[in-house]
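Undergrad: The residues making up each chain are set out below.
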Amino acid sequence: MEFFLQLLVNGVCVGLLYGISAMGFVMIFKSSSVLNFAHGELLALGAFFFLALITWAKLPIIVAFLLTLVGSFVLGFLIEKFFLRPLIGEKLIFVIMLTVGLAAMFKGLILLIWGGNLRTYPNFLPETLALKLGTIYIAPVYSATLVISVLFLVLFGLFFKKSAQGIYMRSVADNQMAALSLGVHVRRVFALSWAIAAMVAAMSGIVLGIINGVNVHDLSSIGLKVFPVVILGGLDSIGGAIIGGIIIGLLETFTGGYLSPSLTDVVPYIVLVFILLVKPYGLFGLVEIERV
Amino acid sequence: MGEIILQINNISVVYSDVIQVLKGVSLSVEKGQIVSLLGSNGAGKTTTLKAISGLLKPENGAVTDGSIIYEGKNIQNQAPEYITRLGIIQVLEGRQPFKYLTIEENLRVGTATRAGKPYKDDLDLVYNYFPALVQRRKSLAGYCSGGELQMLVIGRALMAHPQLLMLDEPSLGLAPLVVKEIFRIIKKINEEQGATIVLVEQNANMALQVAHYGYVMENGKIVMEGTSKELSENPDVKEFYLGIAATGIAKSYKDVKSYRRRKRWL
Ligand SMILES: Nc1ncnc2c1ncn2[C@@H]1O[C@H](COP(=O)(O)OP(=O)(O)OP(=O)(O)O)[C@@H](O)[C@H]1O
Ligand SMILES: [Mg+2]
Numbered sequence: 001m002e003f004f005l006q007l008l009v010n011g012v013c014v015g016l017l018y019g020i021s022a023m024g025f026v027m028i029f030k031s032s033s034v035l036n037f038a039h040g041e042l043l044a045l046g047a048f049f050f051l052a053l054i055t056w057a058k059l060p061i062i063v064a065f066l067l068t069l070v071g072s073f074v075l076g077f078l079i080e081k082f083f084l085r086p087l088i089g090e091k092l093i094f095v096i097m098l099t100v101g102l103a104a105m106f107k108g109l110i111l112l113i114w115g116g117n118l119r120t121y122p123n124f125l126p127e128t129l130a131l132k133l134g135t136i137y138i139a140p141v142y143s144a145t146l147v148i149s150v151l152f153l154v155l156f157g158l159f160f161k162k163s164a165q166g167i168y169m170r171s172v173a174d175n176q177m178a179a180l181s182l183g184v185h186v187r188r189v190f191a192l193s194w195a196i197a198a199m200v201a202a203m204s205g206i207v208l209g210i211i212n213g214v215n216v217h218d219l220s221s222i223g224l225k226v227f228p229v230v231i232l233g234g235l236d237s238i239g240g241a242i243i244g245g246i247i248i249g250l251l252e253t254f255t256g257g258y259l260s261p262s263l264t265d266v267v268p269y270i271v272l273v274f275i276l277l278v279k280p281y282g283l284f285g286l287v288e289i290e291r292v
Numbered sequence: 001m002g003e004i005i006l007q008i009n010n011i012s013v014v015y016s017d018v019i020q021v022l023k024g025v026s027l028s029v030e031k032g033q034i035v036s037l038l039g040s041n042g043a044g045k046t047t048t049l050k051a052i053s054g055l056l057k058p059e060n061g062a063v064t065d066g067s068i069i070y071e072g073k074n075i076q077n078q079a080p081e082y083i084t085r086l087g088i089i090q091v092l093e094g095r096q097p098f099k100y101l102t103i104e105e106n107l108r109v110g111t112a113t114r115a116g117k118p119y120k121d122d123l124d125l126v127y128n129y130f131p132a133l134v135q136r137r138k139s140l141a142g143y144c145s146g147g148e149l150q151m152l153v154i155g156r157a158l159m160a161h162p163q164l165l166m167l168d169e170p171s172l173g174l175a176p177l178v179v180k181e182i183f184r185i186i187k188k189i190n191e192e193q194g195a196t197i198v199l200v201e202q203n204a205n206m207a208l209q210v211a212h213y214g215y216v217m218e219n220g221k222i223v224m225e226g227t228s229k230e231l232s233e234n235p236d237v238k239e240f241y242l243g244i245a246a247t248g249i250a251k252s253y254k255d256v257k258s259y260r261r262r263k264r265w266l
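If you read the sequences in order, they're chains A and B. Numbering of the first sequence is given in our numbering, commencing with residue 1 and proceeding in unit increments. Numbering of the second sequence is given in our numbering, commencing with residue 1 and proceeding in unit increments.
Hints are computed from structural coordinates only; laboratory data are not their basis. Some clues are possibly wrong.
Pairs of lysine-lysine residues, derived as DSS-like cross-links and limited to a Cα-Cα distance of at most 27 Å, are as follows [unchecked claim]:
| id | chain 1 | residue 1 | chain 2 | residue 2 |
| --- | --- | --- | --- | --- |
| 1 | A | LYS91 | B | LYS138 |
| 2 | A | LYS161 | B | LYS57 |
| 3 | B | LYS117 | A | LYS162 |
| 4 | A | LYS161 | B | LYS117 |
| 5 | A | LYS81 | B | LYS188 |
| 6 | A | LYS162 | B | LYS57 |
| 7 | B | LYS99 | A | LYS279 |
| 8 | B | LYS57 | A | LYS81 |
| 9 | A | LYS30 | B | LYS188 |
| 10 | B | LYS57 | A | LYS279 |
| 11 | A | LYS162 | B | LYS138 |
So the derived label-pair ranges between C-beta atoms look like this [stated by the list, open to error]:
| id | chain 1 | residue 1 | chain 2 | residue 2 | range |
| --- | --- | --- | --- | --- | --- |
| 12 | A | PHE159 | B | ASP121 | 58 to 66 Å |
| 13 | A | PHE94 | B | GLU218 | 47 to 55 Å |
| 14 | B | GLY116 | A | VAL150 | 42 to 50 Å |
| 15 | B | TYR15 | A | PHE94 | 51 to 59 Å |
| 16 | A | LEU112 | B | GLY94 | 30 to 38 Å |
| 17 | A | PHE94 | B | LEU177 | 30 to 38 Å |
| 18 | B | GLN20 | A | GLU90 | 49 to 57 Å |
Backbone N, C-alpha and C fix where the C-beta goes; we use that ideal spot for every residue, glycine too.
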């Protein structure tokens with residue numbers, strides 16, 4: 001029982017991270033219909049940038065964290081401006097090839113600078129962050145993850161629901177022509193969704209780096225994990241991405257805990273296939289509102 | 001004659017570099033008036049509006065000849081972000097709400113041309129024109145009725161403080177009473193807000209009742225123009241657009257080639 005609860009908590013925490021990083025992926029897809037195959041590399045880039053800031057530049061943790069978020073935001077913005085914007089209106093396959101190319105480029109860059117070995121962050125989370133609920137012990141990383149994830153979710157919820165920019169972004173995802181007719185700056189919305197996606201990817205990259213260590217191959221393959229998450233949640237549902245993330249996170253930790261750690265990467269995909277057999281649009285894929 | 005707010009000189013519009021749809025259209029719109037643009041399916045009415053509002057580009061269309069002058073500025077082939085900020089707002093054909101946004105969020109998108117400015121008074125104004133929207137503010141637009149949606153999209157355009165409001169077939173597919181209400185409000189908006197209005201319609205009867213002036217399009221050309229009174233007395237207009245034969249007997253819609261209720265796919 002205790003073991004079960006322990007796995008449950010860990011699974012939810014990791015799953016929230018998957019979900020939040022998948023949310024960035026979904027956001028780009030919803031606003032501009034682009035599938036970003038460089039998502040995992042954005043995660044890795046964030047994790048390594050943070051590593052550089054705390055080990056080489058020796059910045060305080062919190063400053064380094066915020067600086068990484070700002071830096072990734074700017075990076076996402078620039079990627080859209082210089083790489084994707086020229087391709088607006090081109091065939092989807094060109095755009096996909098471009099993101100595959102970006103992925104290779106970022107991965108190469110990281111390998112060049114940091115090499116392919118596993119690195120770890122210095123242990124900076126104080127033991128006081130650990131939570132004890134009865135007999136289960138929640139390690140500092142996991143409680144920190146929980147806090148950061150919930151904070152991000154609340155902030156994004158408010159942003160999309162209340163702020164003008166957030167509402168404009170949703171309007172573009174909903175009906176681009178109508179948004180254009182009202183003067184919404186659609187290209188700015190594309191750029192903003194890349195910026196936000198890169199930022200949340202970096203955030204998840206850092207936290208996953210704290211949990212598992214920092215390694216290009218591991219982190220960028222988490223980009224692949226975005227696919228079961230979003231397919232499970234429905235490619236076009238942000239809330240679905242979060243829940244899909246939690247499900248995948250739970251599947252992984254339970255597989256690792258009860259079956260075998262070597263199966264963690266496989267079982268989620270098997271479950272995915274079964275779910276898709278039953279619900280082809282994913283659990284939360286938008287059911288098209290048809291009313292004319 | 002009053003001040004001209006919009007002048008279109010002999011424009012041609014081509015889609016995908018080869019499909020020529022407008023072949024030398026000229027028209028002018030006087031400030032403060034309601035001008036209607038009539039014509040059968042495929043005549044090029046929507047294309048004319050999109051040429052003005054800059055929405056041709058996303059459809060791979062362009063103005064290849066002639067000029068569009070709005071308050072002294074050349075605006076043909078400009079980006080919609082720029083044109084909307086000059087005060088030209090087009091309400092698209094077929095009511096296009098943001099389905100997954102609530103009514104009030106839909107209205108807020110109308111503030112995009114002046115993001116960050118206060119908008120509460122404008123919301124009140126819209127709810128004043130369309131009281132039916134008030135109780136639905138929090139519901140998703142995707143679940144609203146056709147009449148509510150038409151009010152919503154006109155209200156959404158009003159949020160942008162339009163100087164030149166272009167409405168593309170606002171009566172399409174609505175019940176007669178709702179159509180009447182919509183046209184009453186269009187007239188009211190014109191009088192109270194001082195917005196100049198370009199009205200594209202299949203329902204020529206209603207359009208000529210509220211408009212000051214009108215143009216008739218066929219096959220990408222303007223074939224007739226005049227005051228609403230002149231047009232409604234013209235025998236051709238009577239026969240083809242008002243459904244009244246020269247003898248005064250109403251013709252069935254089947255005989256009027258222009259009438260088709262369901263729109264083709266875009
Ligand atoms: N994106 C496009 N690409 C190619 N041809 C187009 C495009 N949009 C419209 N057309 C063509 O241009 C012509 C005029 O279309 P338009 O939509 O302007 O007509 P309309 O007068 O608004 O008709 P309706 O009353 O049916 O709305 C039609 O023959 C149509 O097929
Ligand atoms: Mg039309």
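Undergrad: Could you work out which earlier hints the structure fails to respect and list their numbers in ascending sequence?
TA: Per hint list: 1, 2, 5, 6, 9, 10, 12, 13, 14, 15, 16, 17, 18 violated.
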